[in-house]
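With chain E fixed as given, assemble chain A onto it according to the hints.
Respectively, the protein sequence lines represent chains E and A. Using this note's numbering, you'd call the opening residue of the first sequence number 1 and step up by one each time. Using this note's numbering, you'd call the opening residue of the second sequence number 1 and step up by one each time.
None of these hints come from the bench; they were simulated from the model. Please note that a few of the clues may not be correct.
To be verified - Only some residues are given here: those of chain A computed to face chain E with a beta carbon under 7 Å:
#, residue
1, R44
2, K45
3, N47
4, D84
5, E86
6, P88
7, I91
8, F111
9, A424
10, T431
11, L433
To be verified - Beyond 10 Å from chain A on every Cβ pair, some chain E residues (computed):
#, residue
12, L40
13, G47
14, I72
15, K269
16, S279
17, K301
18, L329
19, G364
Claimed, not checked - Chain A residues, not near chain E, derived (Cβ > 12 Å throughout):
#, residue
20, S35
21, R118
22, G147
23, T153
24, N293
25, P420
26, E559
Predicted model, so just to flag it, every value in this text is computed and none were measured. No residue lacks a Cβ here, since even glycine has one placed at the ideal position from N, Cα and C.
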Amino acid sequence: MVKVDPKVGDYVEVLFGKNSYKGTLLESPEDEKGTVLLKLDSGYNVGFVKKETLGVILLKSGEGKKEEPSKIKKDVNKPNIAMIITGGTIAARLNPKKGGVDWLTSTEDLFKFYPELFEIVNVSRVEVPFMKASEDMDFKDWQKIAKLCEEILNDGNISGVIITHGTDTLYYTSSALSFFLKNLNKPVVLTYSQRSIDRASSDASLNLRCAALAAVSDIAEVMLVGHANSDDTFCYAMPGTKVRKLHSSRRDAFKVVNSKPLAKIFSDKIEILSSDFKSREHTKGKVELDSKFEEKVALVKFHPGQDPDILDYYLKKKCKGIVLEMVGLGHVATNRARLGWTKKLKDVQAKGLIVCAAAQTIFGRLDPLVYSNGRELLATGVIYLEDILAETAFVKLGWVLGHKEWANSKEIVKKKMLENFAHELNPRLEE
Amino acid sequence: MEIDYAKIGFKSGLEIHQQLDTHKLFCNCPSVLRSDNPDFTIKRKLNVSAGESGKVDTAAAYQASLNKTFVYQGYDSTCLVELDEEPPHQINPDALRIALQISELLHCKVFHTTQIMRKTVVNGSNTSGFQRTVLIAHDGWVETSSGKVGIQTICLEEDAAREVGKEGNTVIYRLDRLGIPLVEIATEPDIKSAEQVKEVALYLGKVLRSCKVKRGLGTIRQDVNVSIKNGARIEIKGFQDPRMMTETVDKEILRQKKLIEIHGLVKGVKDYGLSPIDLTSIFRNTECNLVKNSLVKGGKVFGAKLPGFFGLLGLEFYEGKRFGTELSNYGKAHAGVGGLIHSDEQLKEKYKFSDKEISEIRNSLKVKDKDAFVLVVDEEKKARKAVDVVISRANTQINIAVPSEVRNALPDGSTEFLRPMPGADRMYPETDLPLLKISQDLVNDVKRTLPKLHDEVEADLKNRGLTPEMVKLVLSEDMLEEFESLLRIYDNPNFVVKALILWPKEISSKEKLSDKQRSERLSVDIIESILQKVAEKKISESGVKEVLEKLAKGSSLDESLSVKKEGGDIRKLEERVLKLIKEKPGLNANAYMGLVMAEFKGQFDGKVIMETIRKFVK
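Isolated chain E, as found in the complex:
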């Protein structure tokens, strides 16, 4: 027995009261630094309060066992795709020795965890612009991803790109890419996982396999691919501007809103469901990047009794535009209310703030003409964004206002906001 300070991964003996416990020393969780965490020989982890232990004795140094690198064979008959890995559950693997998380960032890692993916395609390029939980991202991250996409898609040897991403803000990114990438010639597929990949039930396997089929398909669009329901049977390819996370934990967290899935994808085949997409075949020329973005935009949700003075805050913060999530067909409190918004809306717009309206109901189209209240609000100059999802509207507003030549004129801004760039507007709602 050597009296040295044992390290994580060492086989040790913890002296505690009259007992002693042998096991592998683990890294204590961030919020449990006062605990000695031990993996017993049985595999169970137990902890001891550090101050109460009588000593930790090193029995055997934990040799840093190296994992064997996986060998990947390139198959010339399979199409090449690229992957952009940005973080999230789908790229995180638990390291039980440390107790923390390791990122999968190489083709070898991907092969080891997702061998099914390589049955369909060669992953010929892997890009890791950053590793983040998606709630930590902002427009600068969207711009980085878009830039990489442009490079990749203009590489003649690559059929399409898969972007793996955390789920929380995935649909903001898919919207952003839909506006940022012009003249798209190949599929841009975003996918995710809701169940971590260290468990056998992970949804990542099917999602990635289906994403690969989408990436080599004819659909030259930005799309989000993920479980269509709780079964591990098929995924949907969902249009990038018409999709939203609608469940905090289910595999089928993402649903198409005010539109239809582009395709139904099984683990071995793809069934096209829509004709409303650009096809790879008919696209000529190169992808162009147009990722200008005005940071000073906001998404504001109206609630009953809300003081309209909140809008002054956005003006004070030099906001150029806001998307107001309105109730019903497009209403906020009017002149008749104790805290009416009509006058305030007029004032802030007069001071140059662009105010757009999107639906708090998530599903359905706005229509300010049905009730007099709506007409009163419309008359203030609010831009009603039809059936555009609030989050998509927010991204689009930032993108439109990012173009100085448009942003100077409210008329042009209104025209651009109501122009259909990336299927964000659907003139025919069937559901």
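Relative to the frame of chain E, chain A by itself:
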């Protein structure tokens, strides 16, 4: 079967899994099993990744090789947690408390900081691909007639989903059982005889039943670990009846002894790296119906030589089980084939093989005098895989005597291969939950309120004057608490048991009450009110049964009690009325009323007295 356990180096430990009588461990669903049609089904696949340590667990890898589809049946009594669609909720505090009670009753030391773990299980019985389990306590003991047996660990874990069907490569599970809290008690391998295995199992059963655990078939499961000198640790699962344990353990000893013997005979044999050979063409004109039927369906015959195994496949472990049966089990478990044919069987008599066929098999496989051979008849993929598995199992026998594995207990005391022994590698932390802290305050509180064991309770009840029948009733109906609380109202133990359990039971069956009706009409609260009246001497003991009968028929408590408003006894009234009618026959009801009223006034309503008279006088 006389076995000298000490001489053969017998070691055995027990593992007991007991369902607790609370809601589920990591969600708020009730722990109820369903027999009605499911409300919905979900279809899933499981994948095995290289895992956290980079190693694929043997047991996990084996299961994954089966590449199955899993269908899960859900109900209104299951939620997203069972479906692996929502993270686990905080651990159920009631279940934790019961686990701590059991730990204390078994003199274990509690871990004050512990981590909920995921134990990889990929046979589909857990939607997540793992079972959640947490180590609660360790290092306790129980006393037996032949010495102390150590308690290694007490764990709290979630039960798995129930398999309810199989269709081809699809396994159907019901989610009702998934997540029911289980306490797992593992003893040290201190047990020295098959008889002691049973004794420990029965004692642990008693400890468990003193706590709030589920009762009945399937709510307790016992596994036994058995090894002998030169053998290996074998885990036997799936005992439904502890009385079969002695025989099963003894048979496992015989199996291990015979395997050690076979190993001694083949250990020098070289591994030739053989692979399955297609022998289908030999059987073109076969008289063997088994083969003929399979070939018609497009099946194939695959075979292999087992060098050095001549005569060994027919060696009997114990009645009905031979080494050949063992090999056949492997083929069934790994490849799903029906069985195998081997050279130690009566090929001509049993299978109607011709001499020509037998000699062609021997030639094709190059079988020499000291060798054995096996054949499998099935669709090509399965047959080939089964023969492969048999070759590999035979090679194992050359290298080691007894492979460590998990075996299934069968009703006749024999066992069959279930899966290889899983390793510690399959455990990793449940990252969705924080470390579990068990405070000393909680442990102290559990110690203060520890339930008594059944034995102690029984002795205690007897000491308080209950007859043996009454003691049995209280314990079998699980009414100890209710009994104690009623006793505080009216201190006559035997009478309280009658009023609380015996009569309500009799009356409900006589009146054919449903459980719901019984619990409404003869609830403990109602019985308490009646005993209150008895204690206040408002009614007599002998009148209680009749009150219960009225209640059972649907009368309200007031109506039922009003009969003996002031504590009269209806039987005495009846006796008096009958006597009066005998003494003074022929009077009308009102006349009798006048006579009786004088005597019973104040004890009964006039209405009740009149009704009683009218029973006897038209």
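Outcome of the hint check:
1. R44: 5 Å, holds
2. K45: 4 Å, holds
3. N47: 5 Å, holds
4. D84: 5 Å, holds
5. E86: 5 Å, holds
6. P88: Hint on P88/A: violated, closest Cβ of chain E at ~11 Å, above 7 Å.
7. I91: 15 Å, violated
8. F111: With Cβ-Cβ at 5 Å, under 7 Å, it holds.
9. A424: 4 Å, holds
10. T431: 6 Å, holds
11. L433: Violated, about 11 Å.
12. L40: Incorrect as stated: the minimum Cβ-Cβ distance to chain A is 8 Å, not above 10 Å.
13. G47: With a cut-off of 10 Å, G47/E comes too close to chain A, as the shortest Cβ separation is near 3 Å.
14. I72: 14 Å, holds
15. K269: 16 Å, holds
16. S279: Answer for S279/E: holds, closest chain A Cβ roughly 31 Å.
17. K301: 25 Å, holds
18. L329: 33 Å, holds
19. G364: Per Cβ check, G364/E is outside 10 Å of chain A; nearest 27 Å; holds.
20. S35: 24 Å, holds
21. R118: 7 Å, violated
22. G147: 22 Å, holds
23. T153: 7 Å, violated
24. N293: Per Cβ check, N293/A is outside 12 Å of chain E; nearest 33 Å; holds.
25. P420: At about 16 Å from chain E, P420/A clears the 12 Å cut-off, so the statement holds.
26. E559: 54 Å, holds
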